[in-house]
Amino acid sequence: MTCDDVRPRLTAYLDGELEGDRGTVVRGHLRTCAACRQVATDEATLRDGMRALPTVDPPAAMWASIQAQLAIAEVEESKRPSWRRALSRWTPMLPRFAVGGLAAAAAVTVLWWRSHREPVQISQVVDHPSPEIQASRDIPTATPSSPPFGAPSFDDVTADLAAEPARTTATYAETATELVTLAAEVRPGWTDEQRATFDARVAELRAAVDRATDERPRQRAWRAMIRYLQQAIVRDDVALASGGVH
Amino acid sequence: MNELAEPIGSPLTGPLAGPLAEPRPRIAAALTDDNELIAACRRGEARAMERLYHQYKRRVFGMAHRIVGASDAEEVAQEVFVRIFRALANFRGDSALSTWIYRLTVNASLSHLAKRGRRHEVGDDGLTDLPAPPPAERDSALASRIEAALAVLPPGYRAILVLHDVEGLSHEECAAILECRVGTCKSQLHKARARMRDLLGDSLRGPGDAR
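In order, the protein sequences belong to chains A and B. Each residue of the first sequence is one higher than the one before, starting from 1 at the first, in the working numbering. Each residue of the second sequence is one higher than the one before, starting from 1 at the first, in the working numbering.
Note that these hints are calculated values from the structure, not bench results. Hints are supplied without guarantee of correctness; some may be wrong.
One side of the interface only, derived from the structure: several residues of chain A facing chain B at Cβ under 7 Å [said to hold, decoys possible]:
hint	residue
1	Glu43
2	Leu46
3	Gly49
4	Met50
5	Pro59
6	Trp63
7	Ser65
8	Ile66
9	Leu70
Quick list of simulated restraints, FRET-style, between CB atoms [said to hold, decoys possible]:
hint	chain 1	residue 1	chain 2	residue 2	range
10	B	Glu75	A	Thr32	46 to 56 Å
11	A	Val180	B	Arg47	45 to 55 Å
12	B	Glu75	A	Pro54	18 to 28 Å
13	B	Gly44	A	Ala208	33 to 43 Å
14	A	Asp48	B	Glu179	23 to 33 Å
15	A	Thr2	B	Ala87	42 to 52 Å
16	A	Thr175	B	Gly93	26 to 36 Å
17	B	Arg47	A	Arg22	24 to 34 Å
18	A	Pro54	B	Ser111	20 to 30 Å
19	B	Ser144	A	Ala73	30 to 40 Å
20	B	Asp202	A	Thr177	21 to 31 Å
21	A	Arg80	B	Gly93	18 to 28 Å
22	A	Ala200	B	Ala87	31 to 41 Å
23	A	Asp21	B	Ser71	23 to 33 Å
Values in this document were obtained by computation on a predicted structure and should not be read as measured data. Beta carbons: idealized from backbone N, C-alpha and C, even for Gly.
Kindly generate the complete structure, drawing on both the sequences and the hints.
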């Protein structure tokens with residue numbers, strides 16, 4: 001076994017991950033090679049030194065600051081409209097449901113609510129088409145004029161829900177664009193191989209975005225690209241050597 | 001040591017500073033496992049939230065401290081805990097609570113560095129400015145040089161070294177936190193240690209060690 005064979009295995013050897021013969025051959029080489037022995041000794045000193053680094057205690061007032069931030073966040077949360085709070089609770093589960101299903105459920109809820117809060121007039125329902133119909137007609141989704149104070153605006157809810165996926169996609173696209181700019185700034189510090197890996201992976205992810213025809217797959221593709229760009233910018237070799245987590 | 005006995009102070013001012021009626025704890029027994037702790041935190045029980053904070057504060061703060069540096073560590077650690085308490089309702093238990101919290105910490109730290117657009121805390125010159133370690137103080141001097149070398153490393157290497165070597169987590173835990181394969185984790189640790197060895201050079205050797 002040569003030095004070139006042993007060096008890549010030293011970390012695993014020192015961490016006790018090489019058992020049986022695999023450990024024996026490394027140990028045998030170390031007995032006869034002063035250079036590798038020195039490297040192993042250095043790495044062991046480093047490993048022990050890292051493990052012995054002193055614990056860093058947070059400032060005593062940190063918990064109070066966190067409580068203050070949570071209190072502020074709770075006050076802000078309480079001011080949000082109830083349907084928005086409900087929507088935020090649903091957001092993490094959105095991938096499990098089709099956006100159309102969510103819009104349909106919202107429409108049913110709105111109709112049920114109206115039927116219990118005020119007399120339903122057929123003409124009103126017809127005048128306010130479902131989000132899908134509204135989207136297919138390309139009607140602008142800007143919020144209509146505000147209703148009088150105290151009167152719930154059901155038109156706002158349905159229009160806003162219909163526009164939500166497109167807004168989310170646009171936000172993902174903006175974020176990815178910003179990250180691409182940031183990646184261009186750090187790119188000069190990469191090796192040629194890393195740049196090539198990065199370019200290939202970004203092209204692949206971009207193609208996935210272009211291929212997606214619906215909002216949900218498109219959002220998923222954008223999220224994959226954002227995740228990779230973040231990794232590439234800050235995690236260096238983890239993302240740049242392997243193309244990141246696929 | 002009873003960590004809950006630590007004084008926590010109350011810097012709240014204005015209307016937020018007043019006493020707040022708390023939900024009555026539904027768990028009479030001690031909060032012995034993560035599920036009970038999570039459930040109590042979700043109900044907004046102050047005792048459980050404080051317990052969770054004290055359970056993880058040192059590791060969260062320590063990781064942030066060594067990844068983003070001393071000056072920003074508190075800001076990042078606070079952000080992590082606020083996120084933890086606000087996102088606990090959506091925690092599905094796909095991974096251990098600790099893994100989830102450490103992942104939030106590493107991601108928040110790395111995002112913080114990305115937002116700040118700073119890849120390195122200090123330049124390589126920062127190491128040469130450190131005094132050569134006198135034999136009697138070699139251990140503490142070595143610790144200082146290790147901290148300085150850590151700050152010079154690329155953030156990805158820093159993260160794996162902090163998780164594996166400083167915090168003593170297994171490769172499997174590190175891989176779950178960094179969302180990469182165990183093999184990738186091992187190879188990154190090997191490269192990161194090699195970079196540290198290069199940076200530290202003779203500092204790793206005692207006075208009588210030959211090169």
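- Item | Supplied distance hint 18 to 28 Å, evaluated on CB atoms of A:Arg80 and B:Gly93 | Distance hint for A:Arg80, B:Gly93 holds at roughly 27 Å.
- Query: With 7 Å as the cut and Cβ atoms as the points, is A:Gly49 at the interface with chain B?
  - Reply: holds, 5 Å
- Query: Taking the least C-beta to C-beta distance, is A:Trp63 closer than 7 Å to chain B?
  - Reply: With a minimum Cβ separation of about 5 Å from chain B (threshold 7 Å), the hint on A:Trp63 holds.
- Item | Whether the CB-CB distance between A:Asp48 and B:Glu179 falls inside 23 to 33 Å | holds, 29 Å
- Query: How does the Cβ-Cβ distance of A:Thr175 and B:Gly93 compare with 26 to 36 Å: does it lie in that range?
  - Reply: holds, 28 Å
- Task: Kindly confirm whether 31 to 41 Å is satisfied by the beta carbon distance between A:Ala200 and B:Ala87.
- Result: holds, 34 Å
- Item | Restraint satisfaction for A:Leu70 [CB to CB of chain B, less than 7 Å] | holds, 6 Å
- Go ahead and decide if the range 24 to 34 Å is satisfied by the Cβ distance of B:Arg47 to A:Arg22. violated, 50 Å
- Task: Kindly confirm whether 23 to 33 Å is satisfied by the beta carbon distance between A:Asp21 and B:Ser71.
- Result: Given range 23 to 33 Å: violated, Cβ gap about 49 Å.
- Message: Would the hint on A:Met50 be counted as holding, given a Cβ-Cβ threshold of 7 Å to chain B?
- Response: holds, 4 Å
- Message: Please check whether A:Leu46 passes as an interface residue: C-beta within 7 Å of a C-beta belonging to chain B.
- Response: Holds. Min distance 6 Å.
- Message: Quick check on the hint: A:Ile66 CB to chain B CB, less than 7 Å?
- Response: holds, 5 Å
When held up to the earlier numbered hints, the structure conflicts with 17, 20, 23 and fits the remainder.
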